[in-house]
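> Residue numbers (our numbering), protein chains in the order written: chain A, 1 to 447; chain B, 1 to 293.
To be clear, the hints were calculated from the coordinates, so they are not data collected in a lab. Don't take every hint at face value.
Claimed, not checked - Looking from chain B toward chain A, a few residues come up when the C-beta cut is under 8 angstroms (computed):
1. L66
2. A247
3. I289
To be verified - Using 30 angstroms as the maximum straight-line C-alpha spacing, the simulated DSSO-like pairs for lysine-lysine come out as follows:
4. K50/B <-> K315/A
5. K218/B <-> K198/B
6. K130/A <-> K393/A
7. K318/A <-> K252/B
8. K61/B <-> K184/A
9. K23/B <-> K315/A
10. K318/A <-> K50/B
11. K318/A <-> K185/B
12. K318/A <-> K61/B
13. K70/B <-> K181/A
14. K70/B <-> K186/A
15. K102/B <-> K184/A
16. K181/A <-> K61/B
17. K315/A <-> K145/B
18. K315/A <-> K173/B
19. K70/B <-> K318/A
20. K102/B <-> K50/B
21. K318/A <-> K186/B
As the list claims (entries may be wrong) - Here are a few chain A residues that sit away from chain B, every Cβ distance over 12 angstroms (derived from the structure):
22. Q110
23. K130
24. F132
25. S252
C-beta atoms are modelled at their ideal positions from N, C-alpha and C, and glycine is treated no differently.
What follows is each chain in one-letter form.
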Amino acid sequence: MEIKTISIMLILVCAITSQAYGSDIESRLSALEKTIQQQGKTIEEQQKVIGELKEELKKTRKEEIARAEEKPMEEPKTQKATGLFGSSALTNPNISLVLNTFAYTSNLSQKELELRNIPGYTNTGIENRKGFNLDSAELFLFAPVDPYFNLYATIPVTEDGAELEEAYFVTTALPYGLQIKGGKFKSGFGRINSQHPHAWDFVDIPLAYKAFSGPEGVTEKGVQLTYLPPLPFYTLLGAEILQGENDILFGSDAKPGPHAYTLFAKASFDLTDNSTILFGPSIMTGKTKTDSVADDTEFRGTSTLYGLDFTYKWKPSKTQSLTVQSEYLYRRQNGDLEDTVALTTEPLKRAQDGFYLQSIYQIDRWRVGARYDVLGLFKDDYILSGTNQDFGKKPWRASGMVEFNPTEFSRIRLQYNHDKSARDGKTNQELFLQFVFGIGAHGAHQF
Amino acid sequence: MKKIILLLLINMCLSTAAFAEVKVVTTLPWIGSIAREIGKDRLDITTLIKPNQDPHFAEAKPSMILAARKADIFMYNGLDLEIGYLPRIIESSNNPKIQPGKRGNLDCSQFIESIEKPSSVDRSMGDVHPLGNPHYHLSSKNILKVAEGISAALSGIDPGNTSYYNSNLQSFKDDLNEKLKQWTKKSLKGRRYVTNHKYFEYLARELGFQIIGYIEPKPGIPPSAGHIEELIEMMKKTKPDAILTTAYSGKKEADLLSLKTGVKVKVLPHDVGASDSARDWLTLMDTIIRTLE
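Here chain B stands alone, though its shape is the one from the complex (with noise of 0.2 angstroms):
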């Protein structure tokens, strides 16, 4: 009995001892992505926003508030993207550590500049977002950016470990930047493309291709008919290279203007996971570039 009792005892403290690596909660699954490489598997990744779904219209499920309230850091995009579910899952994980202005609380898009930045801005404009673009994750300056953040705030949570972070972040830099040798040679410059949402803006600031028009009328808004007719009109004259759209927005009225108008469709991953071969953020931006070529 005396052995039972001691073999529990040794089981719970073994288990404990694999605990203490820093819990770490996500919303977005390229965040994760990020933390992975930073932390690799000293973390414990928890990741609320499947990559099938849709960041703007998530719902804060319990499962949600759950995670939260074990996390010790609790990561997000920012910019407004999560303002319909995050407030309400941080308030209620009733956890102080990743309330606003703790360490635990960390907002990825205080790393980089966002773009097209509204000087004035009212909801007759759509679901336009009064920080600017929150889809920055498509861009490798915003992420070696947001990688050391990242690797910064773990180090605060997780002194311990600080050297650790820092030679996993020189690693995932020197990838980062090996890799961005063979994006730039990709010659996107001057392509131009229609898309459903504004999701790709970051990346064809730095890889020079055009957005030439969007399928939504106004961010969040599905198209009229009308918008759609004179998509069409557009396009038969400016003859774009692709329509992109992105696997939650569904292609149905990709392939509708692709019918009128023979420009190809095509489904572009937005997120870690949202494709098979999407895997990691790297290979992600791997797909998405040879996609668009």
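Isolated chain A, as found in the complex (with noise of 0.2 angstroms):
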């Protein structure tokens, strides 16, 4: 009873309340449609912006592949050039250009010049001429071949046309500290053989090599192996194998093949951090056909030349230095000197020397320097059929020089001779004024 009268009044309870919010469901329907009406509107808006939005990122994408087309793409940091050779030509080798031209004069005339020889050891005059001189443009190519060759040319251009004086590789992957040399290329031997002439530090070549090898040195076809063995201090040794072609110490036509043979060593200590000696012995050996011993003769037979060579550097700083350099060469020579004229054969022995010594004092872009020459130091046999010739007076020069260096690349020269080399009493007082100047390809100074 009392169940049923409370599920009753529940019922009505309820049905009266239910009765109560009717028209309040209405009201409250209609306002949930207007929401989601405008919830429909927010939402077509809010698309509208994605689709907007949508639209301006693909632009700026479309941009930004447009951007990245025109820039060009960053080399990987590994194909970045490198400084070692010089970057600036990658495809082609680098090349340099050295100018080296003086004005000449002389207490001589002309004509006394050209016939001015070194009597019992060199028929060869004096080419310069009084006046202005060109000695040569010089071009200088070089390069890596491949990973296992660097290749160099110097090919100088005077006024009568080009000329190959070198052009050699040189290999860079052998073990064992060899490196092999090959092709036409300046020799080993000695200090200033293996220099070009424009950075010689006077304008001429010492008397010793004028006398013994011409005045551009030995520079030969053949082949060179270096050694330098891991010691503790540097000594390096070499050998070559030439054609034989130099025109005053073997000959072409002296023997078919090669016919010159070289050795040298090299020892360097540095004494303290701003002061180095460089030494050493070299020999060279061949067959000898020339008509360079006097005018009107042919001489065959054997020549060896001996050197010795000896450097001092002292640079405590960039705007200062001081070099003493000194060279001793001694040559034998045994053969037939024939008079081409007289059709007579005598046999020739030459035991001959001959020495430098020159020093260079720089400071800031100057550098002054000095050099005394000497033929016939000690040993000055020239025996032809068992006698001793005598030519007259020991042969000698003294050199004095004053340079400008504006830069690196630029040289003036200013340098006076007294030359006593023609045994007859008779002095040559020679004047130079010098300009060399390199373009082009920083090539590495020899030490």
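Taking the hints as your guide, dock the two standalone chains into a single complex.
Quick look at the structure:
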């Protein structure tokens, strides 16, 4: 009974409350509809905005791609040029040109100069013209060939045309401290011989080289092997097999095939951080056929040239340095001298020596230097058919020079020679004003 | 007798073991200093250019060629700075390991972006480097990259010690970043200086100071009287904070300028070892920044 009345009452309460809320539901529904419509509108608006944004994104992406296409791809770092061999030319070889030109005057006449040889040593005279001289414009080309070879060429261009003075490869991949050079190159004999004339400290070559190897030194076709052992101090050992075409020492017709051989050694120590000595013996030997002994003669036989070189350098800073350099050469020759006019032949033995000592002092962009040259210092044998010939006084020369180097690429040099090499008592007083300029790739300097 | 021979043999073995460390040859002292940070005592380092030498104008001394002969790895500054002697040292070394293109040939400039790269250059402009200013070592940004490069290169030729090199690299980086906080705190921003040579351009960019004039009219060209006069006029007007010069460039011109303008001269070490306090790269930077302040 009690349960019935409670449930009825509950139903009644429910009915009353639902009736009371009946009108309210309708209004709420319409409100709901309104909000749904509004939300629909905002969704539409938002979709519009999203669409616009999408379009904008597409545009910017396109622009970015276009921009990226305009920009070249940055090269990977490992492809970056290294400065080792100069980098401005990656595919072309490095090229440089050195102009070597000078003005010359002497107290002797042009005729006297042409005939001014060194009797008993060489019949080569002086080729310089009074006035303006163009030694050469020397073209250098160099570059690595591949990971195994570097290639070098020196092509001096003179008024007579171009000449292939040097053209050689150098190996870079041989083990055990070995290196092979092959082609046509300046021999490693001695000190000054392997330097280019524009790198010399004086305009002209020392008398000893002029007498024993000619005014340009020994440049030959052949092959060179050097060995640099890993010792506590620098020691370079070298050997060469050469064709033997040097006009004075050998001669291209002396023998078919290679007929000149060289051995040399160089040792070097740093005495202090700023001072270094470099020295070593050299020997060069081969078959000879030359017309350089005297005019109207031909000499056939063998020649051996011994050399001893010494260099001391002191360089405390870039603005100051001192170099002392000296070489002693000794030449032995044995064979027959033919008089090409009288057609007589006599045995000739020559044992002669030569020496020079030079010193250069540099302060800032200025360099001053002095050189003393002598031939027949200890030995002057010219034994023709068993008799030692006397050609007169000992040949010697003293030189002084002053240089201004505006930069490392330009050099202006004034040089005076007091030359007593003709053995006739006459002095050749020579004056040179030399200009050396280099353009193009920066070549590395020899020590 | 046998005992003596045996002892000698043992001795030889021991000495070869001691020489098993990697042989590093560097041109400039700072490169040696970074290599030392990475490899510590596991490297045998030879530096060819002395701190008092001008790195532009060294000569290929036979002793340098000999050092290169024995090198496992040859590290150099690059950007043509060593062009006058480096190619000859490398070629004459007869050492295939350090030839261009080999692992043992490390051009440190490959890790950095050079500045002041001229769009065209000829030598009438003086000793301008076509690849950009080669004095990039006075910059922490650059040194971090070079240190990473050196560490990678050492790991390449000595893989057994890779983790050793890496952990040393990390501690060097930490040291450097710690120092960098001190350096950037110093207020060098806006300072203006006159210098001898283009040595401090990278540092100027990093620390925000300015180089407003050069004693050299063009890189590598000594000043004329006319140029000095112009410089004096300019300095009287602009009143720079100091005249900077390096130990190897000398103080002659700087002192003259100082006398005429009253601006004081500051001699900075340009490389590790150029002053007593510049013992390694970090202390080099310390010394320079302390002196600039």
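> State for each hint whether it applies.
Against the structure, the hints:
no.	hint	in the structure
1	L66	holds (4 angstroms)
2	A247	violated (10 angstroms)
3	I289	violated (26 angstroms)
4	K50/B <-> K315/A	holds (12 angstroms)
5	K218/B <-> K198/B	holds (10 angstroms)
6	K130/A <-> K393/A	holds (26 angstroms)
7	K318/A <-> K252/B	holds (14 angstroms)
8	K61/B <-> K184/A	holds (25 angstroms)
9	K23/B <-> K315/A	holds (27 angstroms)
10	K318/A <-> K50/B	holds (12 angstroms)
11	K318/A <-> K185/B	violated (37 angstroms)
12	K318/A <-> K61/B	holds (15 angstroms)
13	K70/B <-> K181/A	holds (21 angstroms)
14	K70/B <-> K186/A	holds (27 angstroms)
15	K102/B <-> K184/A	holds (28 angstroms)
16	K181/A <-> K61/B	holds (21 angstroms)
17	K315/A <-> K145/B	violated (34 angstroms)
18	K315/A <-> K173/B	violated (38 angstroms)
19	K70/B <-> K318/A	holds (28 angstroms)
20	K102/B <-> K50/B	holds (26 angstroms)
21	K318/A <-> K186/B	violated (34 angstroms)
22	Q110	holds (38 angstroms)
23	K130	holds (33 angstroms)
24	F132	holds (25 angstroms)
25	S252	holds (30 angstroms)
Comparing the model with each earlier hint shows violations of hints 2, 3, 11, 17, 18, 21; every other hint is respected.
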